[in-house]
Amino acid sequence: MEANKFPGPLTVEDVRKDIPLTSKYIYADNGATTPVPIPVVDAIKGYFVDYCSNVERGAYAIAARASEEWDQAREDVAHLLMKCKTDEMIFTRNLTECSGIVAHSLQEPILDMDANGNFGAGDPLVDWKPGDRILISDMEHHSNIMPWIRLAHRVSAKVEAVESSEIGLLTPEAFAEKMDKNVRFAAFQHVSNALGTIHPVKDIIKVMKEVNPDLLVYVDGSQGPGHMPVDVRDINADFYGFSGHKGCLGPQGSGGLFIKEEVMSKTDPLLLGGGTMMDVTYSNYKLRTDSISKRFAAGTPSIAIDIGLGRAAVYSAKQIGLERIEEREKMLSNLLVEQLDGVEGLEVYGPRADEHRGGVVTFNVEGWNSMDVALLLEEEHNILTRSGTHCCIPLMRKMGVHDKYGGNVRASFHFFNTEEEVKTIADALKEMV
Amino acid sequence: MDENEMKDKDLILKILRENGPMTTNEFDAYIQEHKDEIQTSCPDSSLRKLIWMKRQGFIKGKPVKEKKGWEWWVEE
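Protein chains in written order, with the numbering used here: chain A, 1 to 433; chain B, 1 to 76.
Just so you know, these hints were derived from the structure itself, not from any lab.
A quick note: this is a predicted structure, and the numbers were derived from the prediction, not measured.
Be a bit skeptical, because a hint or two may be false.
To be verified - In silico lysine to aspartate or glutamate, DMTMM-like type, Cα no more than 25 Å apart, as pairs:
| id | chain 1 | residue 1 | chain 2 | residue 2 |
| --- | --- | --- | --- | --- |
| 1 | A | 398 | B | 33 |
| 2 | A | 404 | A | 420 |
| 3 | B | 68 | A | 173 |
| 4 | B | 9 | A | 427 |
| 5 | A | 398 | B | 5 |
| 6 | B | 62 | A | 173 |
| 7 | B | 60 | B | 5 |
Claimed, not checked - Reference excerpt, derived from the structure (chain A facing chain B, CB under 10 Å, subset only):
| id | residue |
| --- | --- |
| 8 | 138 |
| 9 | 334 |
| 10 | 388 |
| 11 | 406 |
Built from N, CA and C at the ideal position, the CB exists for glycine as well.
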């Protein structure tokens with residue numbers, strides 16, 4: 001899509017008009033999912049109403065249009081949200097699915113037919129040996145822990161968690177300390193969903209790959225793309241996954257996985273079937289070679305959802321601007337931290353320094369279960385937050401808030417939130433204590 | 001809620017009837033104590049079940065600030 005097709009940049013008021021929920025609630029649960037703007041809904045509806053047909057199948061005009069729109073969506077997501085090539089981007093349902101695809105590829109070598117017509121397994125991405133290690137961090141979401149425990153169990157490797165700092169920051173030093181050549185794979189988050197810290201992932205990957213240049217790294221970008229500019233090539237991740245329904249303002253059930261070009265050609269697709277192959281017999285098959293990334297689009301994809309994510313990429317990156325989103329989210333979260341810091345009876349977690357905090361603030365009210373706090377914020381103030389363990393039970397235990405508060409309460413902002421809303425949240429919490 | 005999760009409805013009603021009004025923390029503690037007998041999922045789920053029961057009209061719930069939490073009960 002052309003940049004000049006849209007008037008811009010959009011103001012906060014413009015975006016609020018595009019998201020009708022914002023007139024009814026103080027929506028501060030963008031870390032869980034973001035409400036979808038009307039232009040994204042319109043793009044999805046447009047597919048169903050105007051050109052509903054399968055992609056990469058039919059020869060008639062609306063089928064061709066569906067394929068073109070789907071391809072365009074993938075290009076927009078790849079170029080705008082991750083700054084990678086289109087053929088390095090796979091549509092997924094969410095980050096969790098990304099982790100599953102990566103885990104499969106690390107366990108099974110690619111099965112395909114070579115140029116001589118021989119069908120068999122290629123070289124594995126990782127040739128696992130006894131004593132091999134997988135590094136994660138102690139802050140990960142369950143979706144970035146459980147797949148690696150299962151993988152480690154199946155390949156006889158060991159998972160180890162690198163400790164975060166007191167403010168919940170992952171540091172290159174901590175990872176360097178744990179590194180040796182037996183670390184074959186590492187998986188860690190870009191931004192914490194539980195504390196809001198933005199980790200220096202580029203520096204972390206750099207120090208790790210200095211020790212083991214063959215190391216493969218997967219970054220959980222659930223809270224990254226859409227909330228801020230991300231350049232996966234610059235970060236030097238081998239895999240980078242994200243959910244489209246969080247920062248990106250895309251539809252629920254959308255997401256994407258970047259696989260570095262040189263890795264993707266050796267990666268075995270988790271699912272096989274229509275759309276993934278060049279030829280099939282009763283005893284073997286040849287995977288398609290025209291688009292390596294489309295090997296991963298087996299069967300009919302979620303066409304409308306993917307087109308919606310593409311439109312959301314344009315909306316957030318071109319019509320609002322990722323730098324503006326990042327700057328505003330930081331401003332709002334810092335404002336809330338300032339207002340809550342020092343209030344007796346309130347515990348506020350995570351970093352204070354602006355450079356390390358994204359649009360997430362987590363806290364607890366002394367004596368209250370975190371779930372009860374969130375319920376009360378909605379009941380009395382129409383404030384929507386997330387509470388509980390945030391799918392990060394190990395981290396909640398480490399922080400000492402699991403048993404004491406049942407986790408913590410999270411206010412997570414997006415571009416459309418306002419300073420007045422932040423003040424209302426702060427006042428409501430002060431009233432509680 | 002699927003059929004299996006629906007079994008929790010009767011159990012929650014029984015717990016609240018036997019124990020009288022319970023705060024979220026008290027309810028959570030009860031679930032933890034009896035977790036061998038009660039099917040559970042993640043720790044966040046017990047409150048979500050209470051909310052579902054309240055929305056369906058099976059139980060009542062309201063914030064009680066003196067108790068620093070929500071209280072849940074069955075109105076007979």
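Comparing the hints with the structure gives:
1. Pair hint residue 398 of chain A plus residue 33 of chain B holds up; C-alpha atoms about 22 Å apart against a cutoff of 25 Å.
2. Restraint check: the Cα-Cα separation between residue 404 of chain A and residue 420 of chain A comes to about 31 Å, which exceeds 25 Å; the hinted pair is violated.
3. With a C-alpha separation of about 42 Å, the suggested pair residue 68 of chain B and residue 173 of chain A falls outside the 25 Å cut-off, and the hint is violated.
4. Only pairs whose Cα atoms come within 25 Å are accepted, and residue 9 of chain B paired with residue 427 of chain A is rejected, the gap being roughly 36 Å.
5. Simply put, residue 398 of chain A and residue 5 of chain B have alpha-carbon atoms about 30 Å apart, too far for the 25 Å limit, and the pair is violated.
6. Pair hint residue 62 of chain B plus residue 173 of chain A does not hold up; C-alpha atoms about 48 Å apart against a cutoff of 25 Å.
7. Between the alpha carbons of residue 60 of chain B and residue 5 of chain B the distance comes to roughly 20 Å, so the proposed pair stays at or under 25 Å and holds.
8. A hinted interface residue such as residue 138 of chain A counts as satisfied when its beta carbon comes closer than 10 Å to some beta carbon of chain B; here the least separation is about 18 Å, so the hint is violated.
9. Given the 10 Å rule on beta carbons, the hint for residue 334 of chain A is violated: about 28 Å separates it from the nearest Cβ of chain B.
10. For residue 388 of chain A, the suggested interface contact is upheld, since its CB lies about 3 Å from the closest CB of chain B, less than 10 Å.
11. Given the 10 Å rule on beta carbons, the hint for residue 406 of chain A holds: about 6 Å separates it from the nearest Cβ of chain B.
Going down the numbered hints, you'll see the structure goes against 2, 3, 4, 5, 6, 8 and 9, while the others check out.
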